[in-house]
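Chemist: Chains as they are written, first to last, in our numbering: chain A, 1 to 549; chain B, 1 to 239; chain C, 1 to 139.
Treat the hints with caution; some may be incorrect.
[As the list claims (entries may be wrong)] Here are the in silico distance ranges between beta carbons for each label pair:
1. C:T95 x A:I135: 42 to 50 angstroms
2. A:R463 x B:P85: 49 to 57 angstroms
3. B:W196 x A:I135: 19 to 27 angstroms
4. B:E75 x C:L86: 19 to 27 angstroms
5. B:P85 x A:T163: 34 to 42 angstroms
6. A:I135 x B:I95: 39 to 47 angstroms
[Unchecked claim] Lysine to aspartate or glutamate pairs mimicking DMTMM-like chemistry, simulated, CA-CA at most 25 angstroms apart:
7. A:K289 x A:E538
8. B:K144 x A:D246
9. C:K14 x B:D117
Just so you know, these hints were derived from the structure itself, not from any lab. Source: prediction; values computed, not measured. For every residue, glycine included, the Cβ atom is placed at its ideal position computed from N, Cα and C.
Below, each chain spelled out in residue letters.
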Amino acid sequence: MEPAVTSGARIGDRPRPKKNYLNETKGIWSWMTTVDHKRIGIMYLVGTLVAFLLGGIFALLVRLTLLTPQHTMFGMQVTAETYNRFFTLHGAIMVFLFIIPSIPGSLTNFVLPLMLGAKDVAFPRLNLASFYLWIVGAIMAIASMIIGAVDTGWTFYTPYSTTTSGTVTLMTAAVFVLGFSSIFTGLNFIATVHKLRAPGMGWFDMPLFVWGMYSTAVIQVLATPVLGITLVLLMLERVFQIGIFDSRIGGDPVLFQHFFWFYSHPAVYIMILPGMAIISELIPTFSRKTIFGYRAIAYASVSLALVSFIVWGHHMFVAGQSQLATVVFSALTFLVAIPSGVKVFNWLTTMYQGNISLESPMLYAIAFLMLFAIGGLTGIFLGTLSTDIHLTDTYFVVAHFHYVMMGSTVTAFVGGLYYWWPKMTGRMYNEKWGQVTAVLWFIGFNATFLPQFILGSRGMPRRYYNYLDQFQPLHAFSTVGSWIIGLSLFMTAAVLLASLRKPADAPDNPWGGTTMEWQTSSPPITHNFEDQPVLEHEPYDYRPKAVTH
Amino acid sequence: MSTTTTDVPSHGGHGEHEHNPYHQHHFTTMEQQFDTSKLGMWLFIVTEILLFGGLFVGFGLMQHRYPREFIEAHEHLKQLIGGHPFPLYGAVNTIVLLVSSWTMVMGVNAAQTNQKDKTVRYLVITILLACVFLVIKYVEYSHKFHDGLLPGKFYSHQAEDLIKGTYGYHTFFSFYFMMTGLHGIHVLVGIVLLSWLAMRARRGDFTSAYYTPVDLVGLYWHVVDMIWIYLFPLYYLIS
Amino acid sequence: MSTHTESHSHGGPKIYTANLFALLFLTIITVAAASFNFGSANVIIALAIASVKATLVALFFMHLVWDKPINSIIAIAGFLFLGIFLMFDFLDVTTRDGLQPRNMTPMENATPVPDTMNPLKAAPPKPFEPAPAAPEEHK
Chain A
1 MEPAVTSGAR IGDRPRPKKN YLNETKGIWS WMTTVDHKRI GIMYLVGTLV AFLLGGIFAL
61 LVRLTLLTPQ HTMFGMQVTA ETYNRFFTLH GAIMVFLFII PSIPGSLTNF VLPLMLGAKD
121 VAFPRLNLAS FYLWIVGAIM AIASMIIGAV DTGWTFYTPY STTTSGTVTL MTAAVFVLGF
181 SSIFTGLNFI ATVHKLRAPG MGWFDMPLFV WGMYSTAVIQ VLATPVLGIT LVLLMLERVF
241 QIGIFDSRIG GDPVLFQHFF WFYSHPAVYI MILPGMAIIS ELIPTFSRKT IFGYRAIAYA
301 SVSLALVSFI VWGHHMFVAG QSQLATVVFS ALTFLVAIPS GVKVFNWLTT MYQGNISLES
361 PMLYAIAFLM LFAIGGLTGI FLGTLSTDIH LTDTYFVVAH FHYVMMGSTV TAFVGGLYYW
421 WPKMTGRMYN EKWGQVTAVL WFIGFNATFL PQFILGSRGM PRRYYNYLDQ FQPLHAFSTV
481 GSWIIGLSLF MTAAVLLASL RKPADAPDNP WGGTTMEWQT SSPPITHNFE DQPVLEHEPY
541 DYRPKAVTH
Chain B
1 MSTTTTDVPS HGGHGEHEHN PYHQHHFTTM EQQFDTSKLG MWLFIVTEIL LFGGLFVGFG
61 LMQHRYPREF IEAHEHLKQL IGGHPFPLYG AVNTIVLLVS SWTMVMGVNA AQTNQKDKTV
121 RYLVITILLA CVFLVIKYVE YSHKFHDGLL PGKFYSHQAE DLIKGTYGYH TFFSFYFMMT
181 GLHGIHVLVG IVLLSWLAMR ARRGDFTSAY YTPVDLVGLY WHVVDMIWIY LFPLYYLIS
Chain C
1 MSTHTESHSH GGPKIYTANL FALLFLTIIT VAAASFNFGS ANVIIALAIA SVKATLVALF
61 FMHLVWDKPI NSIIAIAGFL FLGIFLMFDF LDVTTRDGLQ PRNMTPMENA TPVPDTMNPL
121 KAAPPKPFEP APAAPEEHK
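Here chain A stands alone, though its shape is the one from the complex:
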C-alpha cells in the first residue's frame, strides 16, 4: 500500500511554493476577515467539530442514563426533565450545528472550487457571512442551553413546544439564523457550479462530488426557507398565541408537523448527499478504476434531491393526517429508495476488479457501504405502513436514522477528512493509526446501534428514560459501544492533530487522484492555481497512459 507518489515528489518538477493559503497572511484578523474559501472551510471545520464534541457529550449522557433501567447516572437520579433536555440538545446540536453545516461548510468549501478549477466560490463575501451566521446561531443555541434548556425533542412538536417553559423561543431563533447560514452556502455553491467551471469542463465532466454537493445545495435553497417560516410561526404561536397550531384556539397541531417535515425530510438528504458525494470520490481513487455508471450516479443525486420533497408525510403516519395522505406518502417513500440503491450498486461495481488499496479513507468508505445498506434498508421497513405502526417512535427508528446519519454521513465525513487532510494541511497523517481508528469506528458503531434495532422491534420506545428490566442487556451493550465510538473519534483527532507537528511536505497528489484539486500544491496557494487549469480528460480516467506525466 505505498502511496502513488513518494513524499516530496512533485508533478512536473514544480517547486513547492513557499507561500500558501495558510501562511501568506498572518494574524487572527486576517482569518476573521478572510474571503478565501479555504480558510473559511478550515474555520467551519473547527467550529462544526466543536459542535460535534458537544453533541457527542450529550449522547454519552443519554447512553449513561440508559445503562440501568432506573434512570440513574453515577448513583444520582436523572429526572425526566433532565433526560428530555439531554436528548433534545443532543439532537438539536447534532442536526443544526453539526451535520447540516459540516460537510458543505468545511470540506466542500475547501474542495469544490479546486475541483472546478476556480479561484473561489461565486460569492466569497457571502461565504464569510454564512460562517458568521453559523457562529451567531451557535452562540444563541448555547445561550439557550445555559439559560434554560429546551426539552421538547429536536422536532419541537406542538403543543408541547408552545407551552413548555424551556427557552424554546431562543433556540428556535438560533435555528432560524443557522437556516440562513445553510441557505447562503447552498446559494453560493449553485452559482459556483453553474458559472465558475474551468474551460473544457461541461456538466458531465465534473467530479461526482460536485454533482452530490450541487444536489445538496438545491435542497438547501428550496427547503430551508420553509423551516424558517415554520420557526417564525412557532415563535409567534408561543409568544402571541396566534392560533395556528394550538387546537384550544382553533389551530391544528398536525399542521406544525407538515410545515416542519416539509423541510426536515429534505434536510436528511442535505445530510446524506454530501456523504455520498465523498464516497463517489473515495471509491474510484482507491480502486484505481473509473467509476461505474457516472451518469447514473449524477442523475441519482439530482433525483434524490427532488424526490426527497414529496415524502415528508412518512414521519407522520400516526400523527393524525388522513389515511389517503399516509398511503400516498408511503408509496412515494419507496420511490426515494431507488436512486440510493443505484448508487450503492455502482460503487460496488466500481470496486469489482479494481486495484484496491486499503488506506484509511478507503476503510471508511467500505464501512459506509455496509452501514448505509443497513440504514437505507431499515428505512423501507419504516416506510411500510403496516410495519411502521409497530416500529414508529421505538428504538428501531433511532437505530435507522443513526445508521444513515452517523454510520453513513459521519463515516464519509471522517473518510473525507483523512482523504483531503494532506491537501488542506500539507501533512500526511500516520496511516497505520488511521486504519486502527476506522476499525474501531466500525466496531463501536455497530455495537452501539445494532442492538437498538432489536430493542425497538421488541417494543422499547424512544425518548424514554426508563425501561423494562428485560431490555437492560442490550442497552448496556449499546452504552459500551458508545464508549468505543468515543475512543475511535478521540483517536482520529489525535492522529490528525499529531500530523500537524510534522513539516508541511505532503506531495501534491498522494493518492493518485484524477480530480483537479490534486493538480495544485498541498496546501494550495491562496489563489488556488498558478495558471487557469483547463480540463482535458474524462472524469476518473485511470487508464495507464493518462497517469504518467
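Given the coordinates of chain A, work out where chains B and C should sit on it, guided by the hints.
Modeler: Quick look at chains B and C alone, frame taken from chain A:
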C-alpha cells in the same frame, strides 16, 4: 494527469475596456460576474417565495377550516364608499405598488443607459411610492386596532361581537397581521436599499458598464410587488 | 451584462409602460370580478388573474423574457415546490375523515354516546398528574 494550463490573463477583457474597479478577480469577465450575480439573486428570490409561500399555505389551510368566518372577517378590510363596501385601501395600495414597480424598472433602464439624473429621479419616486404604501398601511392598521382586531392574544373584547363564538375570525386576523406585517417589513427594507441606491446613483457609481446593484434591488422590489399581487385578492377580494 | 448595445434592445420604456397598463387593467378586472359571485370558483378566478399579473411582472419587469433560461428555471422551481407543499397539505386536510372502510355500515339503533363521554357536554378531563414516586421498597 493531463490537465494543462493556458496563459489566460487574470484580467478579463482584451484591452478594449479599462479594468473595471468593480471586477472581482475570481471571475474572468464582467459579463460572467453580472450573470452570476443575477443567478444568485434569483436563487435568493426563490427563498423569499418559499418563505412567504409557507404563510400562504397556512392561510389557505386555515381558510379551508373556517370558510364562513374567513369570508365574513374579510369584510372588515373593506371601507364604505358611497354606502357600498369596497376595498379602497387595498386597491389603492395595489396600484401604488404596481406603479412603483414601473418606476423601479425605468430606473434600472436609466442606469443601464448612462442617464444618471433619470436614475436618481426614478429611484426617489419609487421610494416615495413605497412610503405612500406604508402610510396607507398605517391608516389601515390603526382602524383595526381601534376596533380591537389585533393579532393573537391581543384580540380584545371590543371585537367580541365580531367573534361570534368561533376561532375563525381570530385566526384570520392573526394571519392578516402576520402576512401584511412581514410584507410591510420587506417594504421597509426595500426603502432602505433604494435609499442607499439613490445615494450611490447620485455619486455616479452606476454606468452601463456596472449597474448590478440597481438591477438586483430592482428584482427584490418586484418580488415585494408580486407578493402583494397575491395578497390583495386573497385578503381583500374573496367573497 | 455587457457594455455593448445588445442590452438596449432588451426591454425599454415602451415595453415597460405597456406592461404597467396591462397590470393596471388586470387589477380593475380582478376588483370587478370580485363583485360577482361565482361560488367556489371565486378563489380560482382571483388567483388565476393574480398569476397572470405575477407572470407579467416576472417576464417583463424582472427581465426573464430576455435573460438566460436558467433564471426562469429557478423561478419556476420555486413556485413548483411551493405548489407541492400546498398540494400535499391540502390532500391531507381535505380527506381527513373522508376515507371510510368499505366493509362498515352505519349501525341502526346504535347506543347513544353518554353525556359523560360527549366532549361538548362533559367537563374537560383533568390534566394528567404522574403518580408520586413510590418509596424504594424491596422484598
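Chemist: Hey, B:K144 versus A:D246, does the alpha-carbon distance stay inside 25 angstroms?
Modeler: Since the Cα atoms of B:K144 and A:D246 sit roughly 24 angstroms apart, the hinted pair holds (cutoff 25 angstroms).
Chemist: Could you check the hint for me, namely that A:I135 and B:I95 are 39 to 47 angstroms apart, CB to CB?
Modeler: holds (44 angstroms)
Chemist: Taking the CB of B:E75 and the CB of C:L86, does the distance hold inside 19 to 27 angstroms?
Modeler: Taking Cβ atoms as reference, B:E75 and C:L86 lie about 26 angstroms apart, which means the hint holds.
Chemist: CB of C:T95 to CB of A:I135, is that within 42 to 50 angstroms?
Modeler: Since the Cβ atoms of C:T95 and A:I135 sit about 45 angstroms apart, the hinted range of 42 to 50 angstroms holds.
Chemist: Using the Cβ atoms, figure out if B:W196 sits within 19 to 27 angstroms of A:I135.
Modeler: Check passed, 26 angstroms falls within 19 to 27 angstroms.
Chemist: Between A:R463 and B:P85, does the C-beta distance stay in 49 to 57 angstroms?
Modeler: Cβ of A:R463 to Cβ of B:P85: about 52 angstroms, so the range 49 to 57 angstroms holds.
Chemist: Starting from C:K14, check that the Cα of B:D117 is at most 25 angstroms away, please.
Modeler: Roughly 19 angstroms between the alpha carbons, so the hint for C:K14 and B:D117 holds.
Chemist: Indicate whether the distance between the beta carbons of B:P85 and A:T163 respects the range 34 to 42 angstroms.
Modeler: Distance hint for B:P85, A:T163 holds at roughly 39 angstroms.
Chemist: Is the straight-line distance between the alpha-carbon of A:K289 and that of A:E538 25 angstroms or less?
Modeler: holds (13 angstroms)
The structure agrees with every numbered hint stated previously.
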